[in-house]
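S.K.: Listed here are the chains, written in short residue letters.
Number of protein chains: 2
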Amino acid sequence: MTFELTILGSSSAIPTSKRNLTAHVLNVHERFFLIDCGEGTQIQIRKNKIKFGKINHIFISHLHGDHIFGLFGLISTFNLLNRDKDLHIYAHPELEKFLAHHIEYFEKTLSFNLIYHHIKPKVNEVIYEDDKVTIETIPLKHRVPTCGFKFTEKPHLFNLKKNVVQTYQIPISKIQSIKEGADFINEEGEVIPNHKLTLPPYKSRSYAYCTDTAYSEKIVPIIQNVDLLFHEATFAKNMKDQAKKTFHSTSEDAANIAQQANAGKLILGHFSARYKDAQPIVNEARSIFEQTSEAEDGNKYSVDLEREKR
Amino acid sequence: MTFELTILGSSSAIPTSKRNLTAHVLNVHERFFLIDCGEGTQIQIRKNKIKFGKINHIFISHLHGDHIFGLFGLISTFNLLNRDKDLHIYAHPELEKFLAHHIEYFEKTLSFNLIYHHIKPKVNEVIYEDDKVTIETIPLKHRVPTCGFKFTEKPHLFNLKKNVVQTYQIPISKIQSIKEGADFINEEGEVIPNHKLTLPPYKSRSYAYCTDTAYSEKIVPIIQNVDLLFHEATFAKNMKDQAKKTFHSTSEDAANIAQQANAGKLILGHFSARYKDAQPIVNEARSIFEQTSEAEDGNKYSVDLEREKR
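Chain order of the listed sequences is A and B.
Here the first sequence is numbered in numbering that gives the first Met the number 0, starting from 0 and rising by one per residue.
Here the second sequence is numbered in numbering that gives the first Met the number 0, starting from 0 and rising by one per residue.
It is possible that part of the hints are untrue.
Identical copies carry no separate label here, and so any pair may be met within one copy or between two of them.
The calculated lysine to any residue pairs, modelled on SDA-like cross-linking and capped at a C-alpha distance of 20 Å, are [as the list claims (entries may be wrong)]: (1) 178 / 31; (2) 243 / 47; (3) 46 / 273; (4) 46 / 16; (5) 96 / 107; (6) 195 / 127; (7) 96 / 30; (8) 160 / 243; (9) 217 / 293; (10) 264 / 241; (11) 17 / 167; (12) 202 / 243.
The set of hints was computed from the structure by calculation and includes no laboratory data.
The structure presented is a predicted model; accordingly, all values stated were derived computationally and were not measured.
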């Protein structure tokens, strides 16, 4: 029951020799969600040993080049590999128009269906749902329409304790309702309370991806109590003016959001290429929000399974 | 007086974890010529510590994605860095139309002039010339209009031997003609033959870039005696049929061309991603043409300075 984030690129608009352009992969129970796709993403996917065939859904925060120029090569490679599974892209409607023009010129035909899901960056709404995860948009504040994405694991079921099926002679037909929290009434009419039969369910885990964005408290209620929060910190705190002007965040902005949202862990990234070392930015954030980590290409973050309290 | 090739990417259409997409940089006397620009080229330029500001001329062999998708990010980065020097792109005319559409959408305005030079891939002609180098097209045989590029250093001058100016009382006005090979006649009318005054000039060095292409003997006269020959070997020799079908070359094709051209060294690259190890391909070529080398990302090849014989 994996819930693991891999950072493929942690630079802002200009890559460096150590930081590629923005892209993340979230693995939720072996379903791999690609979030943004800067230049070089397909190479980073390979280097991180993620199978191309497992990527079926791509989420694009906004249409700036450093978040999408990797799509051209990725789609081209999928096509060369004769991919046949549908590929879903969730993005601002304009991407469809732009990509269509591109594909028409360079690919002519595709071996797979490319399915566009037009998102409304200004609205917080569920844009994807399956039996394991719900994905919703987080309206952000940037120079062009931009949204983040929140991934929330579907609630887990209660787990049956060892041997209870035999001990209490539970028929198969009753097991699902017990896993959902019901008590069990046996043939004699005796009520066996759920807590005698089960362990509490694992907590549902969550990840919020917030880039690119200026400081925006409006996102706090949406990302409240998120386990992992990726928030951009393009600039150190002494560049507050530049951050405001370009609709980006500083170390302090990110930390303040994490604190208000009561996040489990804050991951900082999207660092300006001017910073050879991001550690001072991370330290600035840590002075406000201790559980702060520096995104580096290839870093993996997972959330441990922990049981709910009764 | 550098003449050095750097391999930025050595894979064919699909990158691998070790091989990026096609791009080379040739340094001729500290002028850096970028040849093709696959996805990730700007990152490879950084990793190889080549200064962006030194790249003023980009040569594009053909309009397949794996040779040009890096242009979008490179141009974007140049723009973000407020480049002001002109950038010259030598390519099939269609690239201008396509890039213009792209730039209009993603960049709006550029901080520098982008100057297109339309090349005719079917013709062997000089497309660039300065005081150090001449660059000409090499018509290749691929599925779309494609050409390679031959870089030839301008002829060097004779070098004056030590102390000859003093010994023979040569006036400054005569030095240039002596460097060009003339004898010197002193005030007494005595002829001092050039070989007493000079060392022979260094040989002019050359590099030919031939990808993507099927086997084509037509290129042999153009690349005759080239010092460094990069020739694609997408496939091993047992995939001759696939090579023919896709208008690519095998190890043997490349080696046969190198042999007929009497190349100084053959560099093989553009390997299909199916080959985890390119060594067997290189060995196949070596059995025909001994001076064969495997292009790997980051490899550098230079040609030593050697004097002409009198």
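S.K.: Evaluate each hint against the coordinates.
M.R.: The hints, checked one at a time:
Taking the shortest alpha-carbon separations for residue 178 and residue 31, neither the intra-copy value of 27 Å nor the inter-copy value of 67 Å comes in at or below 20 Å. For the identical chains of this complex, residue 243 and residue 47 are neighbours neither inside a copy (34 Å) nor across copies (34 Å), given an alpha-carbon limit of 20 Å. With identical chains, the CA atoms of residue 46 and residue 273 are at most 20 Å apart between copies only, with a shortest distance of 16 Å across copies and 25 Å within one. Proximity of residue 46 to residue 16 under the C-alpha cut-off of 20 Å is found in both arrangements, the shortest distances being 15 Å within a copy and 5 Å between copies.
Both within a single protomer and between protomers do residue 96 and residue 107 lie at most 20 Å apart by alpha-carbon distance, with minima of 15 Å and 17 Å respectively. With identical chains, the CA atoms of residue 195 and residue 127 are never at most 20 Å apart, being 36 Å at best within one copy and 83 Å at best between copies. Taking the closest pair of Cα atoms, residue 96 and residue 30 never come within 20 Å of each other, the shortest separation being 28 Å inside a single copy and 39 Å across copies. Taking the shortest alpha-carbon separations for residue 160 and residue 243, neither the intra-copy value of 54 Å nor the inter-copy value of 64 Å comes in at or below 20 Å.
Taking the closest pair of Cα atoms, residue 217 and residue 293 never come within 20 Å of each other, the shortest separation being 24 Å inside a single copy and 55 Å across copies. With identical chains, the CA atoms of residue 264 and residue 241 are never at most 20 Å apart, being 26 Å at best within one copy and 51 Å at best between copies. Taking identical chains as interchangeable, the C-alpha atoms of residue 17 and residue 167 are never at most 20 Å apart, the minima being 59 Å within one chain and 58 Å between chains. Proximity of residue 202 to residue 243 under the C-alpha cut-off of 20 Å is found in neither arrangement, the shortest distances being 37 Å within a copy and 58 Å between copies.
Checked against the numbered hints given earlier, this structure breaks hints 1, 2, 6, 7, 8, 9, 10, 11, 12; the rest are met.
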